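Assemble the whole structure, with the sequences as input and the hints as a guide.
Chains as they are written, first to last, in numbering that gives the first Met the number 0: chain A, 0 to 583; chain B, 0 to 192.
Derived from the structure by calculation, the hints contain no laboratory data.
Small disclaimer: the values here were computed from a predicted structure and weren't measured.
For each residue, glycine too, the CB sits at the ideal point set by N, CA and C.
It is possible that some hints are incorrect.
[Said to hold, decoys possible] Cβ pair distances, simulated, as ranges:
{"hint": "1", "chain 1": "B", "residue 1": "L18", "chain 2": "A", "residue 2": "G451", "range": "46 to 54 Å"}
{"hint": "2", "chain 1": "A", "residue 1": "K328", "chain 2": "B", "residue 2": "A192", "range": "51 to 59 Å"}
{"hint": "3", "chain 1": "B", "residue 1": "G14", "chain 2": "A", "residue 2": "R148", "range": "40 to 48 Å"}
{"hint": "4", "chain 1": "A", "residue 1": "A294", "chain 2": "B", "residue 2": "E123", "range": "25 to 33 Å"}
{"hint": "5", "chain 1": "B", "residue 1": "V112", "chain 2": "A", "residue 2": "Q110", "range": "42 to 50 Å"}
{"hint": "6", "chain 1": "A", "residue 1": "I378", "chain 2": "B", "residue 2": "R58", "range": "41 to 49 Å"}
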Amino acid sequence: MKEILSGNEAIARGAYEAGAKVACAYPGTPSTEILENITRYPEINSSWATNEKVALEVGIGASFTGARALVTMKHVGVNVAADPLFTLSYTGVNGGLVLVTADDPELHSSQNEQDNRNYAKFAKVPMLEPSDSQECLSFTKLAFELSERYDTPVMLRTTTRISHAKSVVELAERVTGLAEPQLVKNPAKYVMLPGNARGRHYLVEERIVTLSKDACSMPINRMEMRGSSIGIITAGVSYQYVREVLPEASVLKLGMVHPLPFDLIREFASRVDKLYVVEELDPFIEEQVKAMGIAVTGKEILSLCGELTPGRLRKGFGLPESEQSAVEKLPGRPPNMCPGCPHRGVFFTLNRLKAYVSGDIGCYTLGFMPPLSAMDTCICMGASIGMATGAVKVLSPEERKKVVAVIGDSTFLHTGVNGLMDMVYNKGAATVIILDNRITAMTGRQDNPASGHTLMDDPTNAIDLPLLCKAIGVQHIRTINPLDLEECERVISEEMERPETSVIITDKPCVLIKREGVFTRGKVLAVDAENCTGCRACLKIGCPAIEWVPSSGKKGKAHIDPLLCNGCDVCRQLCKFAAIQEAK
Amino acid sequence: MSDKITNILLVGVGGQGILLAAEILSETCMLAGFDVKKSEIHGMSQRGGSVVSHVRYGREVFSPIVPEGEGDILFGFELMESYRSLTLLKPGATVVANDLCIPPPSVLMGQEVYPADLAGKIAERFPDFILVDGQQIATEAGNVRAANTVLLGAVSKRLDIAENFWLEAIERMVPKKALAVNLQAFAVGRSLA
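Okay, here's the thing in structure tokens:
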């Protein structure tokens, strides 16, 4: 049967067909939909983990019992999971273990564009790289087989244009007859103390040499011979751009990008006059080909930064570019917090209080955008709290008061909680605001350990954030209504003054939560044009539901779109002229 | 089947239902026996940012994104986003745009002005231009939320795919209770082009 699937859907299907029994992940664009789609297959135990390190550990535990396990994450998630990954390379697996890394060249939705092919080389594990959805499915199945055949975790790397592109896929049945999971005691293989690990290291090095040799005859690495003037080594989505732009070129298409099939590369190089590597980001293949003593052109003509496109490839190869009509500069349309978003009032207050905001990763990173303009740093998941601790260590007592860390509920539980333990332990005098909106919102409303539901939508234990903070040893914990501006300003300014660790937790849910009884829309508001003086105070919160309607000169009035307004009431609190009231 | 690839761009504002329209379009192409690829960026799409979805079909499609300056058809759900995306089109391309203006944040705040007469400017550059009042027509058909289907109907007339494949794709993708309204909206859209 044929279906149109995204790369992510196809990976989920591939894991199902391969007989996977466990799937685990922390959400992150562009990887999130793999686990969301795997819930369609009740044969697989699927769950959101608190972070990527835990997700991989869950996968390892399942693998060691003999089950096939899929673990997925975005590229920066592998940084978090790197610790178990590097030693898993030594232990190898029992049931196949596939780790998907979804990279994001061009930073469509990320804080950096690191090239995770380097992880495969660094951890000495094989990595497959599909070029479309059909390959996402078939490579996922192959990855499980290779994992068991070579006793190694296998990484599967996608990029945004593979994860989120849809193409036609042929489906098959789920394999049967895999061994039932059971406890296996084999300490020499699974207990990585120095005495055991030393021996395992030799096996890792032998494994990569064997894989490189075997890769020369794997059908996923194939020569497509056309003309002999130009030969291009490529993989992943870059292969598609090569076929689009240089249809006459011979191609060595690599389905496995680590280890490289050195003999096959030598043979291909000998059959073409001029050799190129077309790859996004780092010269990962190019440098290894050069180290073989083969002349090759790559990053001299293609950028180290951003993703490839057909146009960028044309430019690199000096081909004529399509004529594009120019358009004058238009007002931009950046993403924005939703109408009624519970984060808006907090960032409005932090801006008013001139706080130095140590930020984190989530929807609330949009608090950086004008007119809220209340975020001063953003590095990675969970960093806000540790960075606040670092800053207050060295600032004057007066400046110290300004330091506020903001972090979402899911990000706090991901890695922020460790930062808070450190802050309490080392007596860091900063204010931490946990923006608890009951969901992992930015990636599309995923449940988390504080939301009370699992990935499968089953009710479960919910972590009590104030109690958790209390257990850690925070002495000053306050819960506020983030939609009450007076309360926000009073509580946040009091805690900023306090020369000790304090935690403020907001208690209003994300407006996008669809689960019954969580978010309730308030009474829709409207502007009474009679009373509106055009002072623009309500525009300072940047709500998409409030529009400035100009009249002559600088004059004008505010208008609230009744279809967009969620009735959060924040704008009404800013109007000194009682011009904003419940809509009639 | 010829080797020609048809390149379609669907553009608008996050939350307008662009992704579903692109799904119906891709499904139609597959049912008609074409190879098809569809690509877009998720993540920010619910936060009111610009959204561009690429759909390409033909005998064999390689790149999942439309090569720069090679768009055959622009399918615009909002006027300024339609105008902004003209740069992606080849000369002589077809533009089907919804007659709807959604002000971006800087306009809402009174810092910038929403550009005037965008429909006129599009028509000047791309004479094969169909302006559709999707909201009005969908309301008349029974539900304002079927506006995208009106546009889909208008676009369908410009593609070399028989009507029965469109109807089958709509039946597969649209929830049962909204089907009648959407089929009506599609028929009206088709009569406009």
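* Asked: Looking back at the numbered hints, which does the structure fail to meet, lowest number first?
  -> 1, 2, 4, 5
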